[in-house]
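J.: Sequence:
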Amino acid sequence: MGGKGTSRSLYAMNTDAPTPMDRWNTLPWKSIQRNVFKLQTRIYRAACREDVTTVRQLQRLLMHSRSAKLLAVRKVTQDNQGKKTPGVDGIKSLTPPQRLTLARTLTLDGTAAPVRRVWIPKPSTPELRPLGIPTIHDRAGQALAKSGLEPEWEARFAPNSYGFRPGRSCQDAIEAIFTAIGHKAKYVLDADIEKCFDRIDQAALLAKVHTSPSLRRQLKAWLEAGVLDRGTLFPTNAGTMQGGNLSPLLACIALHGLEALIGKMFPRSGSRRFQTPNVVVYADDLVILHEDRTVVERCQAVMTEWLREIGLALKPSKTRITHTLDVAEGTPGFDFLGFQIRQYPVGKTKSGKDCRGRLHGFKTRITPSPTAIQRHVEALRKTIDRHRHAEQEALINALNPQIIGWSAYYAHVVSARVFQRLDHTVYTMLWGWAVSRHPKKAKHWIARKYWRVDDGQGWRFQPANSTKPLARHDHTPHQRYVKVQGTRSPYDGDWLYWSRRLGRHPTVPPRTARLLKQQQGRCRACGLYFTDGDNIEVDHILPKKQGGSDARDNLQLLHRHCHDTKTARETGCPGTHDTRHVVEEPDERKRSCPVL
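Offset between the sequence shown (1-based) and our numbering: plus 6.
Nothing false has been slipped in among the hints.
Using C-beta positions, here's what the derived DEER-type ranges look like: (1) His395 to Leu67: 55 to 65 Å; (2) Gln524 to Gly367: 39 to 49 Å; (3) Arg427 to Val58: 46 to 56 Å; (4) Lys388 to Asp500: 39 to 49 Å.
Just so you know, these hints were derived from the structure itself, not from any lab. On a predicted model such as this, the values are computed, not experimentally measured, just so you know. Ideal Cβ positions, reconstructed from N, Cα and C, are used throughout, including at glycine.
Go ahead and model the full structure; you've got the sequences and the hints to work with.
T.: See the structure below:
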């Protein structure tokens, strides 16, 4: 376990040098990003043709390059949502000169500082999930290592693996399931891996990564760095601590190979018309689908033995075998990633069966799960309770991101009736909020004060002197989701495909989609294409303080770091950032759901 007790002095060194404050913002970021992406594309292509020697050489070149180090520092100090979360050294943020110093001194030397333990609540359970927050130095090092490892493994991952991967999301996993059961009802093994991040065997993981000796030593140092919880240092002999930006990739690597194993154990047979079971994986949640229950049970046995080799096991309380259609198998359907997936019989008879009792027709319905709906309603209720004495506009500003994000997450499935019921539920909660504020006023007076009924706008929850109403679930446009193609990856260099996909994604707001189409998927400041993981922000070309408006011709899309640079030049204050127009992603599972 290697400590970094000199991290504070490291960040402070050379800050008194005659370096202009805006030198960080005036770096040639466009060329820097292009240089890094070219190397990542070469790594991806070499991995596709299984040229291990070239992959290792390019990874070493990338992780020693100045461009990759600068991008790694920018990612953890400017782009990441948790950029101001301190590690054990207590450092929350870095000034531009300190960022330059960190990028210049950043090396993967095989040492690591302990991570700081943070506990966050788990959805719908009283349990808490442990997170480990590394120091900024280690976060930058992990981002640097990830930039070299991710392109290699993107060329190896199975096509139906969707969790924590660039260019893939929960919606892709749901669409893959819809395709698998679209023509034939199937049995489902709905499985959940118990404490996946905490119990992965580190030795088996390092053997599976199979990287260069120097990078292996660094990965081992991060895994065994220990965790500092309330002043006590605990060893980490197993697992990959959640909280670092490298942990999701390592978890995907640990779980890689299951789909290939199932395909090898149950190969497709044309003579008997036997189909290989469908395996859909999102992080530690997975489903296996097949029309034969015996095959599904055998798959469960194979998977249990395979997981044991990497120190993992299925969680019995969340693992079951069910059927998508047949009621005789218990409760039909299953929940996955917040969606309820179920099939219903249709046909000439009420039961959808012929004279021999065989099902001759069905339809597939994917809706928001009851648990997800209840959790969303509870979150809205807590927000309203917290704003019991706040102004109406403050309540609207707090509720709108929750409503818009949740609706966008479920906009591509059968959710119209659910959205209508939720809007009615929100109305009843808001009516209670309004009545509690004015218990002695008449109902008509309360309605006129908080809803724009007399203005001809119906029951729109909006202040009288404001143009910003409360968002409604059923105002979210419904659109069919298109699953990512096969083994496509952003590292394949097909900018036309990925920029179009970004503009058509249901989680991208309509205004952002229009601007993406107008800008042809490029940032107006640097001219580079927007890629997966980029934080996109809507910027006013002419600031509002100078008379600018919200008209479309006065808006543009910028990278977050490009927006920082523009704001610093306009205000003369480096590092300032306006977050009023951040394009946020829905946070349904408290996990990474990529924009692309």
